[in-house]
Amino acid sequence: MTAAISIRGVEKRFGDRVAVAGLDLEIPRGSLCGVLGPNGAGKSTTIRMVLSIMYPDRGTVEVLGGGALAAKERIGYLPEERGLYRTMRVGEYLAYIARLKGVPRDGLAARVRRWLERIELPDVQQRRCQELSKGMQQKVQFIAAVIHEPELLILDEPFSGLDPVNAVVLDRLIGELHREGRTILLCTHQMQQAERVCDRIVLIHRGAKRLDATLPEIHARFDPRSIAYEPLAPSAGIEGELAALPGVLSARLQRDGRSYALSLAEAARPAELFEALVRRGPARRIELERVSLEDVFVRVVRAAEGESAAAAAREDLEHGKGD
Amino acid sequence: MARVTEIAVREFRTTVLTKAFLLAAIVLPAVFWVLGLALPFLLRPEPKRLEGVIAVLDVDGRIGAAVQREFDVERLQLERERRAAQARRLLGMTLPEPMREMVESQAQGALEAPLPEVRVEVSSDPGELESLRSRTRVGELLASVRVDAAALSLAEESNGYDLFLREGLTRQQVDDLQSALSSALVYARSESQGIDVERARAALAKPVATALTLRDDGTDVQENQLGKIFVPLAFMMLLWSSVWVTGNYLLTSTVEEKSNRVIEVLLSAVSPLELLTGKVIGQCAVGALMMLMYGGVGLTAVSSLGYAHLVPPDKLAYVAIYFVMAFLMVAATMAAIGAAVSELRDAQTLLGPVTILFMLPLFTWFFVTENPSSTFARVISYIPPMTPFAMVLRVTSVESVPGWEIALTTLVGFGGVVGMVWAAARIFRVGILITGKPATPAELWKWVRRP
Chain Y
1 MTAAISIRGV EKRFGDRVAV AGLDLEIPRG SLCGVLGPNG AGKSTTIRMV
51 LSIMYPDRGT VEVLGGGALA AKERIGYLPE ERGLYRTMRV GEYLAYIARL
101 KGVPRDGLAA RVRRWLERIE LPDVQQRRCQ ELSKGMQQKV QFIAAVIHEP
151 ELLILDEPFS GLDPVNAVVL DRLIGELHRE GRTILLCTHQ MQQAERVCDR
201 IVLIHRGAKR LDATLPEIHA RFDPRSIAYE PLAPSAGIEG ELAALPGVLS
251 ARLQRDGRSY ALSLAEAARP AELFEALVRR GPARRIELER VSLEDVFVRV
301 VRAAEGESAA AAAREDLEHG KGD
Chain S
1 MARVTEIAVR EFRTTVLTKA FLLAAIVLPA VFWVLGLALP FLLRPEPKRL
51 EGVIAVLDVD GRIGAAVQRE FDVERLQLER ERRAAQARRL LGMTLPEPMR
101 EMVESQAQGA LEAPLPEVRV EVSSDPGELE SLRSRTRVGE LLASVRVDAA
151 ALSLAEESNG YDLFLREGLT RQQVDDLQSA LSSALVYARS ESQGIDVERA
201 RAALAKPVAT ALTLRDDGTD VQENQLGKIF VPLAFMMLLW SSVWVTGNYL
251 LTSTVEEKSN RVIEVLLSAV SPLELLTGKV IGQCAVGALM MLMYGGVGLT
301 AVSSLGYAHL VPPDKLAYVA IYFVMAFLMV AATMAAIGAA VSELRDAQTL
351 LGPVTILFML PLFTWFFVTE NPSSTFARVI SYIPPMTPFA MVLRVTSVES
401 VPGWEIALTT LVGFGGVVGM VWAAARIFRV GILITGKPAT PAELWKWVRR
451 P
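Protein sequences, first through last, are from chains Y and S. Under this note's numbering, read the first sequence as residues 1 to 323, first letter to last. Under this note's numbering, read the second sequence as residues 1 to 451, first letter to last.
What the hints contain is simulated information worked out from the structure, not anything from laboratory work. Keep in mind it's a predicted model, so treat the numbers as computed, not measured. Glycine is no exception: its CB is placed at the ideal position from the N, C-alpha and C atoms. You can take every hint at face value.
Sample of chain S residues with no beta-carbon within 10 Å of chain Y, all distances over it, derived:
| no. | residue |
| --- | --- |
| 1 | L22 |
| 2 | A30 |
| 3 | L35 |
| 4 | R69 |
| 5 | E121 |
| 6 | D125 |
| 7 | V197 |
| 8 | T213 |
| 9 | L214 |
| 10 | L310 |
| 11 | P313 |
| 12 | E343 |
| 13 | G403 |
| 14 | W447 |
With a cut-off of at most 30 Å between alpha-carbon atoms, the simulated BS3-like pairs for lysine-lysine come out as follows:
| no. | chain 1 | residue 1 | chain 2 | residue 2 |
| --- | --- | --- | --- | --- |
| 15 | S | K315 | S | K228 |
| 16 | S | K437 | Y | K134 |
| 17 | S | K206 | S | K228 |
| 18 | Y | K134 | S | K19 |
Could you build all of it, start to finish, from the sequences and the hints given here?
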């Protein structure tokens, strides 16, 4: 089966600025892939090329086995900068977008009603878009992206500005659509969201791909092989005692003054160490530490572009959190 | 094509189903039409009757008698009938039947108006002047008149008379009084010179001539000379206002779609060219509706007044062709400007120079209408943004434009349309996704050249 999206050697410039620099990317059908990177990384430009809103200066973009333009009706898109016709009624707006996406008139009203109920907005069909709250408007925008039930769904910062309750609804819908077999491309700078939802991660920095792997692969590759251990009652000489456990390279008291970081040897088996730690006595916490995608991102950038670029990437991520 | 149709229908509906449009395109023409029918009756004059006593202080006595003659009721009635007959004869020759009926109805109304009822007291004692002025001041007299001693002399230094009026007279009443006194003076002066006033008046009356235009279809018609000037102007105003108003709707809707960020959703479903085409078709239908509404009201009015021959069907066909040409030119310009800016106020900067170019034929309509074959009229007919407007003036003017010139200017005009739409599509394609600072003319040129 062909990939849902196949990008080969794509380059896009705006004047002197390189937005996308020789990008190669394959998104398998049926995957829920997170495209991550700080603001300005080139995510939105890449999406616009996938949607044939923009065209690459170099390279090729293939979508759902053909040209990007021919696949428009099979793609759903929720842009980062999204809007509505303010004075249009919600039902009219959704029907209009659906018609543009090739949905036949027969059964269209029922389809609009069904989707509004599915996203928990059953009574807004006759209301004007400008009368809705921001969260409700975002839900309507989401329906506009999926109303034609596309094979490929591209969501650019879908959780941006959503309150926690609506974020849960959206989260559930994304999961349902994924289980229905649709390919979902989720672009975000919110790494925790992506880590929670996606099964595959692509990291982009300065228009180039820095990482493309499934979550288990990422964990296997980047997990720190470290156990956090916090005894209920600290005792004297515990550091030496922990370091002497089989498979432990070192034990170090953490900044909180209560917990210890146990660095594991390559051959160490975490399950056996867990048992050994439980046998030691009651503990408040025994946890196999996981690497965060933010750390992975910084490490990947550091490996590719050096320490200063990694520092800048971390700063970009910190800055993006406020968005 | 289905997507283009969807966009066109939405564009048409959202423009037409607004209160502003309903008011401008339906309510206003209807109001004009009703007013056109009702105004002749509403504005029918209801003059205030001249009624009272006038005192004339005339040492000579001959002018006083002439003033009494002016207000003689029988003479006034005869004079009114004579004037009405003359007006009917004149209007009957120059006005078409429906207009004649309307004027006849007004003339009849004037004939039935009450005649002045003025009694004239004549005095020859100069010492009575102050007493007459006092009686006028308190309202006992309508007016008092002191006739100049040299009033009957033909010397230019004579003032004729001094008129003292009581308060509260209308402008029309004062005019009527002055007119009667002047006529009395002229009458008395002529008599004193031994001239038969009635014979002189008859001799000096201007003849009423009939001017008939002999058409090659064998008919003879009396042409309306004012119509020859104003019909081309009306056509151009109709064309200009409908394309400019709808062009502005296009500009507004494009800027709105950019500013409310809905544009990216649309472009994920349709190509920029499909979006542009749909919007242009939708607004073209809006413009055509406006043309039909205003043009329909105009044509109905012109036909009901008997001037239908001023707007023959072939000229209407030309106007339809030039409407499409003008609309596509303005629409291309507006779409390009709308795509190049993010806010309406930025659009005004780019719109200024363009507007002047499109408005040039409007500024020069009188010259072009009077001289449709002049070098100036011909030159602007071959400059695409001005072609449809200049040609509408030329083909609807009285002088016929050669067929080859109509064909060639149409070809040049539609060539210009192709060029402008092509350039607009390129600007639209790039500009529609760019927000923030409005594009400069140099950037627009760069976008046009971008492959």
